[in-house]
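K.L.:
Following the hints, complete the assembly by docking chain B with the ligands onto the known chain A.
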Amino acid sequence: MAFLEVKNVKKSFGNTEVLKGIDFSLERGQVLSIIGSSGSGKTTLLRVINHLETADEGFATVGKDIVLDASVKKLSEKELREMRLKFGLVFQSFNLFPQYNVKKNLTLAAELRAKEALGKKASKEELAERYSEISDKADALLEKVGLTEKAESYPCELSGGQCQRVAIARALMLEPEILCFDEPTSALDPELTGEVLKVIKSLKSGEHTMIIVTHEMEFAKNVSDKIIFMSEGVIEEEGTPEEIFGNPKSEKLKSFLFKENF
Amino acid sequence: MTFLQITTQLLEGFAYTLTIFGATLACALPLGLLIAFGTMSKFKPLNLVSRGFVWVIRGTPLMLQIIFFSMPNLWLTPLINFVFRSNVDLPIRGTEATLIMVCVAFSINYACYFSEIFRGGIQSIPYGQYEAGMVLGMTKRQIFFRVVLLQVVKRIVPPMSNEIITLVKDTALASTVIMVDLFTVAKMIVNKTVDIWPLFYAGLFYLVFNGLLTVILSRVEKRLDYFKV
Ligand SMILES: Nc1ncnc2c1ncn2[C@@H]1O[C@H](COP(=O)(O)OP(=O)(O)OP(=O)(O)O)[C@@H](O)[C@H]1O
Ligand SMILES: [Mg+2]
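Listed in order, the protein sequences are those of chains A and B. Position in the first sequence (from 1) plus 6 gives the number in my numbering. Position in the second sequence (from 1) plus 9 gives the number in my numbering.
With the rest of the complex left out, here is chain A (with noise of 0.2 Å):
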């Protein structure tokens, strides 16, 4: 069984069957980018699998640990940030926290954590402890991400570029099994997608595996081990990036792709 399992996946908005049965599967370490045109249900995919909207049906594993089975219809809150940790979501607007700088927008998610971990109990040498170890990892990551010399700064004062770098080192802070991107560099000016794309593409390394809603034909081809091609809430396609770009088989890729000018 590979290492992300995702299995029948159905989701409708009133009338609108917006996911129609969707099933993949990723191995770990891999990056799977998810092409398609607008409408087809990527992003309602991805949401679904980070619980920000609740499948009708569908089910998934990551290694051995159930993440998704919406037979089951009431969770506690607990179960459900418990779902969620195992996911990173990097929004296309970033939602950066405006009235925090950026470290603290990097270690506030996990300093709460640390405190609920520790319990009412914890002495505040322990909790120091904690949180001197989560302020020495965000500064890891934002040296990661090339954004050391920014971390005092508000959201407010960078580039759509930089936020969206502080938004995935943010994301990774509470190290999620998967990273999922919806369209990260959709909301960026041309010149600023570059730095993102080149973010995303130095984590690849084999201990990140990603999950990448792109319309960046480019990235997605050189980035990707395994390329999604969705069509009106189903998969149309899936193969290895030299099958999609090189060989595709469907009509409708075929015309995506010709219309993608790729």
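Derived by calculation from the structure, the hints in this document are not laboratory data. It should be emphasised that the depicted structure is a prediction, and the values quoted were computed from it without experimental measurement. It is possible that some hints are incorrect.
Quick list of in silico lysine-lysine cross-link-like pairs, PhoX-like style, CA-CA up to 25 Å [what the hints assert, rightly or not]: (1) B:149 <-> A:127; (2) A:232 <-> A:207; (3) A:79 <-> B:149; (4) B:53 <-> A:79; (5) B:51 <-> A:80; (6) B:149 <-> A:109; (7) B:231 <-> A:110; (8) A:156 <-> B:53; (9) A:204 <-> A:143; (10) B:231 <-> A:156; (11) B:51 <-> A:84; (12) A:210 <-> A:227; (13) B:149 <-> A:110.
P.N.:
Using the frame of chain A, we list chain B with the ligands on its own:
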């Protein structure tokens, strides 16, 4: 009456005015937040009741509400006696008791106005902020208190400042039912001395106090200028 006597009397009245102002602010802020949650609730009965309540309070004159609350013997006493099948006489009379009832009226009235400001502020926060908190494994509570609240505060400080300054002046309406606040005292002095200037002198108290509040509130606004929402 000497200038000093007039000043002393006005100051005494001003103390009552400040009491009404302070008590109203202290009660109306938390109550307003509760009502705001009520009007945003997905639980239909609570939602309808809260909205209905806000509609009634905002749709009727504050003066009417003050008079209504100042006469609890005409409705609260009979109501309690009816509910508990008792026959007691509630000791709600005299200046102190009426003052408390006036504060209740002001608190309820202002809580409804505040609740609309809170609701607007909370609903103006993009849903992405909640979602970002969720995918980072934060609880609903943590998201509200650690992520959303300060952004809401930043957005509501300007409209709140307006309401707070209006409240200072609205306290003069209490003079319809109590005879101790700054405005009443000023009126009585004018009647007694047959001189108009004590009225303006009283106005100066309101003016200076509002000036002070304006300075404080714009400081708060400045303090929150370091980020954008
Ligand atoms: N909350 C919602 N309520 C109703 N319909 C929705 C909702 N979210 C998405 N949809 C619909 O579901 C369909 C798929 O949307 P989705 O955002 O998943 O597409 P997408 O593939 O991400 O498109 P894009 O490339 O434009 O981002 C669309 O028709 C959209 O209108
Ligand atoms: Mg989308």
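K.L.:
Each hint: holds or not?
P.N.:
Hint by hint, here is what the structure shows:
no.: 1; hint: B:149 <-> A:127; result: holds, 23 Å
no.: 2; hint: A:232 <-> A:207; result: holds, 14 Å
no.: 3; hint: A:79 <-> B:149; result: holds, 19 Å
no.: 4; hint: B:53 <-> A:79; result: holds, 22 Å
no.: 5; hint: B:51 <-> A:80; result: holds, 18 Å
no.: 6; hint: B:149 <-> A:109; result: holds, 22 Å
no.: 7; hint: B:231 <-> A:110; result: holds, 21 Å
no.: 8; hint: A:156 <-> B:53; result: violated, 47 Å
no.: 9; hint: A:204 <-> A:143; result: holds, 21 Å
no.: 10; hint: B:231 <-> A:156; result: holds, 23 Å
no.: 11; hint: B:51 <-> A:84; result: holds, 22 Å
no.: 12; hint: A:210 <-> A:227; result: holds, 13 Å
no.: 13; hint: B:149 <-> A:110; result: holds, 19 Å
In this structure, the one hint that does not hold is number 8.
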